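Chains as they are written, first to last, in numbering that gives the first Met the number 0: chain A, 0 to 252; chain B, 0 to 252.
Hints are computed from structural coordinates only; laboratory data are not their basis.
Only a predicted model underlies this, so the values are computations on that prediction, with no experimental measurement involved.
Be aware that one or more of the hints could be misleading.
Which copy is meant is left open, because identical chains are indistinguishable; a pair holds if it fits in one copy or across any two.
[To be verified] Within a straight-line C-alpha distance of at most 27 angstroms, the following computed DSSO-like cross-link-like pairs (lysine-lysine) qualify:
#1 Lys181 / Lys127
#2 Lys65 / Lys234
#3 Lys130 / Lys42
#4 Lys46 / Lys127
#5 Lys24 / Lys42
#6 Lys79 / Lys119
Number of protein chains: 2
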Amino acid sequence: MINVVLLGTGNVATHLFEAFSASEKIAVRQVYNHAEGSLSQFKSKTKTTTNLKELFDADVFVLALKDDVIPEIAAQLQHKKELVVHTSGTVSLDALGKCRRSGVFYPLQTFSKNQPVKSKIPFCLEAKHRKDLELLKELAGGISGKAYEISSEQRRKLHLAAVFVCNFVNHMYALGEELCTKNNVPFEILQPLIRETAKKVESSSPFEVQTGPAIRTDESTINAHLELLPTQQQKEIYQLLTNAIQSSHGKKL
Amino acid sequence: MINVVLLGTGNVATHLFEAFSASEKIAVRQVYNHAEGSLSQFKSKTKTTTNLKELFDADVFVLALKDDVIPEIAAQLQHKKELVVHTSGTVSLDALGKCRRSGVFYPLQTFSKNQPVKSKIPFCLEAKHRKDLELLKELAGGISGKAYEISSEQRRKLHLAAVFVCNFVNHMYALGEELCTKNNVPFEILQPLIRETAKKVESSSPFEVQTGPAIRTDESTINAHLELLPTQQQKEIYQLLTNAIQSSHGKKL
């Protein structure tokens, strides 16, 4: 059994809490937050506290906190002899600097409150001491996650990659939704295409399966599309991404 | 039984041929192409021809051809008393102008040769005569497609929306892949995130589930990401999409 004390009550903390609680190999002994209010959802399920001095003992202290408060909270845990990890994509391992045993437990997934995650979660793991990596692998394995050893430098690049394949992709969906709504077409009509586009890159390199007017250098369609777009910013996005596809595939601009 | 003559041998033609052939309600009586070579894959399965004067009779002539040749091929079919349709997202119904009965049978999906489509295909249907719309609905239904009545004007906007949610999304995946490859991380690590991001918009509006540094106006992460990106063009894409997310959500720039 791995005993966990969870610090934080946001999206990542909430999803980790649910996953840990559902596992037979992990027990969440306590949840910490500086503000009482956001602890209420956890009160019926485990112990809670707003006082860092009252943290229980645990095998792992998981700091699922906003990036900028991680160093100050970690500083207050530096006397602990157990493992202290954070869950951030961008904060380096060094931010836990004075903790004797430190590590990173970063779930590379998008979380929304009240939406259960339907896919297996990859965890990017890092630890100051080799043997703590094994403990983190056990923790990831206990919630059916897939473990990857990833350095702080690699993790920063992965977090950036995640912005492209998740946040920016979602904005492309939002632009598609807007075009549907304004033309009295249900957005659901685009969903099979969205699904298929995502599925395709499970078995193929996205670079190699690029399709569309840009890679075909189909100028008449590109010009017609630029004309159809209602805002200057949308035209700029279309033009820039068209150029980017063409230049990455060695087409003349 | 709906008898079809299929004109064209590209990705759309090939996928339609497979789907029609697998249906008990549809028979592909003949495939036409102007060049003999690309007909070879069909020869063991149905009749073929390179001569428009030798087309068989059929209930529907399906022109799955490049946009710019549709009008000239249609002009040569204008004596037909049966339905003539094209499969293009951008060409208007009028391009089949002199055909007595004309329509559009546009599959809103991405097709790659040798990759079977795993999702249900939405068909955007349009017809000069009301009763031909029923025939096209039957044709779509025969291959388990979902039928939508869509005007030429709506279809052009949908085709544009498809560029955003498919072609541009795929380029975002390619950028993510490049970041992985350059940092010795397997691209598979991003796939659960890609899948989850696509799944999320099946039950939620993408506008409403936007996440990431842009919508949080997390300037320090945004600046760190801009610094990490290796090319000027990638920085421009990051900055423009960040601005677009912020302005669409009413954030100050």
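Query - Those earlier numbered hints the structure runs against, lowest number first - result: 3, 4, 6
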